[in-house]
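K.L.:
Knowing the structure of chain P, use the given hints to seat chain S on it.
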Amino acid sequence: MMKEELETTNRPDNTAFTQQRLPAWQPMLSAGIVIPGFVLIGLAFIGIGVALFITSQNITVLEKDYTGVETTSDCYKCSNPSDKNCTCKLEFSLSNLFEGPVFFYYGLSNYFQSQRSYGASKDEYQLSGDLDYFKTPISACSPYQYDANQNPIVPCGSLANSMFNDTFKLYQIVNGTKKLVPFDGKGIAWWTDYNIKYRNPSVTPLKNAFNGTVKPSFWSKPAYELDTSDPSNNGFVNQDFLVWMRRAALPDFRKLYRRITEGDYARGLPAGNYSLEIAYSIFHYNMYRYMEMSISQWACVKGCRLKSL
Amino acid sequence: MLRRRLNRLFGRDERRVDSRTIYVGHRPCPATDAFIPPKFCDNRIVSSKYTVWNFLPKNLFEQFRRIANFYFLIIFLVQVIVDTPTSPVTSGLPLFFVITVTAIKQGYEDWLRHKADNEVNKYLVTVLEDGRRTRKESEKIKVGDVVEVVEDETFPCDLILLQSSREDETCFVTTASLDGESNHKTHYTVPDTEKGLESLSATVECEQPQPDLYKFVGRMHIYKNDQEPAVRSLGPENLLLKGATLKNTQKIYGVAVYSGMETKMALNYQGKSQKRSVVEKSINAFLLVYLCILVSKALVCTTLKYVWQSQPGQEEPWYNQKTQKEKDANLYLNMFTDFLSFMVLFNFIIPVSMYVTVEMQKFLGSFFISWDKDFFDPEIQEGALVNTSDLNEELGQVEYVFTDKTGTLTQNSMEFIECCIDGFQYKNRDSSTELDGFCVTDGPVSMLQQKAGREEEELFLRALCLCHTVQVKESTGQEDGVGDQVDGVLGLDGEMVHPAELRGFIASSPDEVALVKGAMKYGFTFLGMESKNMRVMNRDKDVETYELLHVLNFDPVRRRMSVIVRSNCGDIMLFCKGADSSIFPRVRQEEVDRISMHVERNATEGYRTLCVAYKLLSSEEYAQADAGLREARLALDDREEKLMAVYNQVETGMSLIGATAVEDRLQEEAAETMEALQRAGMKVWVLTGDKMETAKSTCYACRLFQRGTELLELTVRTLEDGGRRREERLHEVLLDYHKRAVQDPPPVKTRVTRSWTSAKQDYGFIIDGATLSLVFNSSPDSSHYKSLFLQICQNCTTVLCCRMAPLQKAQIVNMVKNSKGSPITLSIGDGANDVSMILEAHIGIGIKGKEGRQAVRNSDYAIPKLKHLKKLLLGHGHLYYVRIAHLVQYFFYKNLCFILPQFLYQFFCGSSQQPLYDAAYLTMYNICFTSMPILAYSLLEQHICMEVLMSNATLYRDVAKNAMLRWSPFLYWTLLGVYQGLLFFFGVRFLFSNPALQDNGQVFGNWSYGTIVFTVLVFTVTLKLAMDTRHWTWINHFVIWGSLAFYMVFSFFWGGIIWPFLRQQRLYFVFANMLRSVSAWLVIILLILLSLLPEILLLVLRKPRWPHSRQKKPLVQSGEGETQSSARPLLMRTFSDESNTIL
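Heads up: the protein sequence lines correspond to chains P and S, in order. Start counting the first sequence at 1; every next residue gets the next number (my numbering). Start counting the second sequence at 1; every next residue gets the next number (my numbering).
Treat the hints loosely; a few may be bogus.
To be verified - Straight line, CA to CA, 25 Å or less: simulated DSS-like cross-link-like pairs of lysine-lysine: (1) S:K49 with S:K142; (2) P:K169 with P:K77; (3) S:K325 with P:K135; (4) P:K215 with S:K325; (5) S:K820 with S:K961; (6) P:K186 with P:K221; (7) S:K39 with S:K215; (8) S:K275 with S:K58; (9) S:K517 with S:K427; (10) S:K105 with S:K275; (11) P:K77 with P:K64; (12) P:K221 with S:K322; (13) P:K169 with P:K186; (14) P:K135 with S:K322; (15) S:K322 with P:K215.
The hints are simulated quantities; they were obtained by calculation from the structure and are not laboratory data.
Extracted from the complex, chain P is given alone in its bound form (with noise of 0.2 Å):
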């Protein structure tokens, strides 16, 4: 090799990979291999979905509409859009028992989350807790982004502005008695957008932060008094907002509104009668609201809901 160098510098290297001969694993791709092999893959799927079948057995969906486009339904009284603070109530009975940790769900459709301009139409430094931009929110949030007399809305922009603020009241009629079934508002949002991603500003108390600025037109609150209840709750990392403002994919979505862990259903919903008392905060026409109630099951997709009830 060094003999060969030193003879000429013209010659080319003689190496493995000028000259294309790299060891090479050439696979041999023949049925006899595949197939097995194709066998093993099938059945392992196989396997998969018939656990997965199996315990779909188990899974229980309710899902009740509560638009009130039929008359016969409660909520058609609330389906006139001057009724403001309108209520209605939804009945219905288990005759198992509803197994748990119960997901209570709301779900809207033909709503169209995923519109760009709507997705675009919120000031993300403001969300982050920047005091300037509560000032002077981005223009993107137009028309959302100052009221008629030019003060800043906080927080701006139509996604903020149309958040989703019905809200349920689920409880079990118990020998005629209606007891109210404890609903769970924590860790509904992911935890880095409670945590990291939205801030409030470092004001205390929070409502000073919001000194020069109006509340989005469609809201009944303001922002730091989302959750009087509890003071962590409020802003711009209330759980509710933030459900709200991981925006859909699909105009037909349902979104994370309570759990059910606790006291006497953290097994779940006995069977027995129900009522839902559902405070309609705005109706507005093509769209269509229905809650959801499921249990937790890892790998469920849709086949195996059961629109019972």
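P.N.:
Chain S alone, transformed into the frame defined by chain P:
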């Protein structure tokens, strides 16, 4: 091409003045009343394209002239101007990268050119100004300056040689850097100028600059105190070209005639026109399809958007009100901007990176050719040379091979085999005994019983020694040269010194050397020139001197050359040698009859034959010829024609004294190579300037013509039959051949010997130059002849075109190139006469042979030997074609299934141009995540290993006619892309119909949706490539698994940190959360497997596509059939080829 450019140049010159007048030393001449110093360009050479100031605008302009770059620029501008879903960075960054890299590369190359220019322009030269010698920078030389050049310097501009330090008024020059010929050429001073350059008053009148290196016509007027001005003719032998080097001469003085960009070197320095490969055309066609897809996607989305918005409540839902400005905007303007936004959103379907990857693949891939040690030739210590990297894949698509004969099929190392003197054969089989035999003083011994008379013998040998332009090579130092001569003289005294072994001969063509050496074997040694005397040592060791009076140079039209010499006794003799066809008409018939038999026999044996004739000139005849020659040489216009007329006049009435046969041996493995090429489905055409018999025998020797080949001959000989007009006869013969070869191919022959061909009858076609020009431009309906001719040729396995002029070679290549189906042509040659066809063909290959380097410099690839062509085409060409075809298809495929989900998502976001993927993914997909595996694949893949490809030439047919880039494979890849795109999107959509994807019930948003689709996409696309890879080197493993790992790591980091420079942290923890969901995992794996399923099924069910694709074992089995044919003797001359010829 070259010719057209030349013509254009001529044309321009003709419109100006025909000639220029130069005042030597800028001194006014008495004849001209007013001395107006003429304006000529300065002596600066500018080969650079840019200056510091115009680099940026000019380079950018040139780059954006490329249609692809321009398209990306438009997209980028749209993104900047219109409110679009993705930031301009996503397309601006890759474009910026590409533009910058290209600009840096071109800038660097231009800087190198500037440096080289400066080196030439700032070189100090000595100029005589008013009798003083001054040093000047080369660029300041003006036309008319008298320049001094010393030994080993290059000439700073084109000079007329005025004075030389050598006594014989000559100087020696090498033009190695101009045309690659390294021999010393002799140039002559202009007579009568030698005395006193300071006082010389002269004008030079010469033609306008033109690029032909070997042509120059001029006239010099020398004024001597009130005498009638003396006129001297100037020719190429007086002109010293810029770029040539002075040798063996201490110094010379010359007057500058052409300077700077007008020198012949600069005029020849014109970049070759860029050759574009067929693959590129396929890419452009596919690109058009994808552009249509892109536009129609954007149109569909725009339409849908406005249809959907026309429903009540949809245009402006309560939750997403418009601003006042948006409400006021014009509807049609909105539509237009929406359309543009969709275009931008989907523009990733045509990626910038494809161009970059293709270019990189070609550039890097070409290194493997120059690195290949199989192409290394120990004799010349060089390997293959790649002049262009654009044509690698074209090597796998060749359908027609045009090859030169001399130097390409044959070695062009000539050996004197035998001669025939006065009808008697002198064969020199065993050279040593033969030489001894001749050295015996009592007369020659011939192999045959009879021999010619001693007189004739010696005359013939003298003719061989005198009729040539060979030089005796002098060593570099002059002392050595003298020493050599002394040795030679010593040799006269009978010392055992063989001058020939000490000195070499240099000549423009190797046959001349062979002849001179042949004469030496028989006892006549050429000792060299001494001023104007040729010295020859005869058998009796006496030195005879002959005064060289005239050389009537060789030219391809006359096909002969002559010298006129005066012997010691004052006899003036003319010796002429040339091709039989050009000599026979000029000698007596009875002499011809005696010799022609020998000549023909030699020609059929594959030797090059020359006939030698002689004539004694009386002094009157000589005076007449001398005057004629001098007059013709002085002519400014039509000098060539006038010279030709005089030559023809002088070279008549000669007597034939003999003929010579010189063997030109076949190149190593020439026959095997040609056989392999034919088996690979290529048609081989031999284009040669040689005569038919010689070329035909070479074809047989190379196995281009086989025993069973039926030869169709179309030559002057066939046409002269029957005494009718040539055109009629031509028509008839063409129709006959057409009927035979094209219309009704003969029935299958039973005695088929070759296993590899179909049982069809092989045809060989032979045509000569004269007939060819008849076919090309005989009558109005020549196009009819041409198409007939072409059809016949296309049905023949081999076509032999002999007696071709260089331009006719190019004409033939051009005809085939532009014929139906535009087949890919390849020309291979080694000499300057092949340059035109090398430039004309799709691929030009130069052989680093003995005839200079001109072919190599104009070629696309240069190889040391013909045998390397086999590996270049069957090995490298095949692999590169497969690689690049796969690369192109894969690129389109991967971008289709990348963008299709994005398109489908528009139906779920109110057609609002919401991107499905994050901007980082959009940008990085083609740059980082999926680019390296395909690049590695396209450089390293060997679906069949090199040895199998070489030994089984028929595999080449599998990829012929652009098989992998036609519409059906393209459709397959497109459908695959569509299938996978649909699967990705709707699979994930199915997953999202359940809200609880995480076990804590939390929901996923739109970015999670996009990320899951993207993850499936990256894995599927990479694994698809992994499945196609048949040759897994560690590099493939590294880049494939590395890309996937990089994707994972990148996604973690991209989503794991709050990036301060980003306003929206859209992907914050999206990827990590996705991985926490078991359902997402299952769906991702399921989708990947499902999308690869059709591929896997195809792979299993389809018969292996490449018969011996995997292992080396089958090689042995497949090789069995061929070993037989290769074992046949190289030369088969036992048959009579006449029997196969149809006349």
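K.L.:
For every hint, state whether the structure bears it out.
P.N.:
Against the structure, the hints:
1. Between S:K49 and S:K142 the CA atoms are separated by roughly 24 Å; this keeps the pair inside 25 Å, and the hint holds.
2. The straight-line distance between the Cα atoms of P:K169 and P:K77 is roughly 18 Å, inside the 25 Å bound, and the hint therefore holds.
3. Straight-line distance between C-alpha atoms of S:K325 and P:K135 comes to about 22 Å, which keeps the hinted pair within the 25 Å bound.
4. Between the alpha carbons of P:K215 and S:K325 the distance comes to roughly 23 Å, so the proposed pair stays at or under 25 Å and holds.
5. With a C-alpha separation of about 13 Å, the suggested pair S:K820 and S:K961 falls inside the 25 Å cut-off, and the hint holds.
6. Taking the CA atoms of P:K186 and P:K221, the gap is about 20 Å. The hint holds against a cut of 25 Å.
7. A distance of roughly 23 Å separates the Cα atoms of S:K39 and S:K215; the hinted pair therefore holds under the 25 Å criterion.
8. For a cut-off of 25 Å, the pair hint linking S:K275 to S:K58 stands: about 23 Å separates their Cα positions.
9. Under the criterion of a C-alpha separation no larger than 25 Å, the hint pairing S:K517 with S:K427 is consistent with the structure, at around 15 Å.
10. For a cut-off of 25 Å, the pair hint linking S:K105 to S:K275 stands: about 20 Å separates their Cα positions.
11. Taking the CA atoms of P:K77 and P:K64, the gap is near 17 Å; set against the 25 Å cutoff, the hint holds.
12. At most 25 Å may separate the alpha-carbon atoms for a hinted pair to count; P:K221 and S:K322 meet this at roughly 24 Å.
13. Between P:K169 and P:K186 the alpha-carbon distance is near 16 Å, which keeps this suggested pair within the 25 Å criterion.
14. For a cut-off of 25 Å, the pair hint linking P:K135 to S:K322 stands: about 22 Å separates their Cα positions.
15. Pair hint S:K322 plus P:K215 holds up; C-alpha atoms about 19 Å apart against a cutoff of 25 Å.
Violated hints: none; the structure is consistent with every hint.
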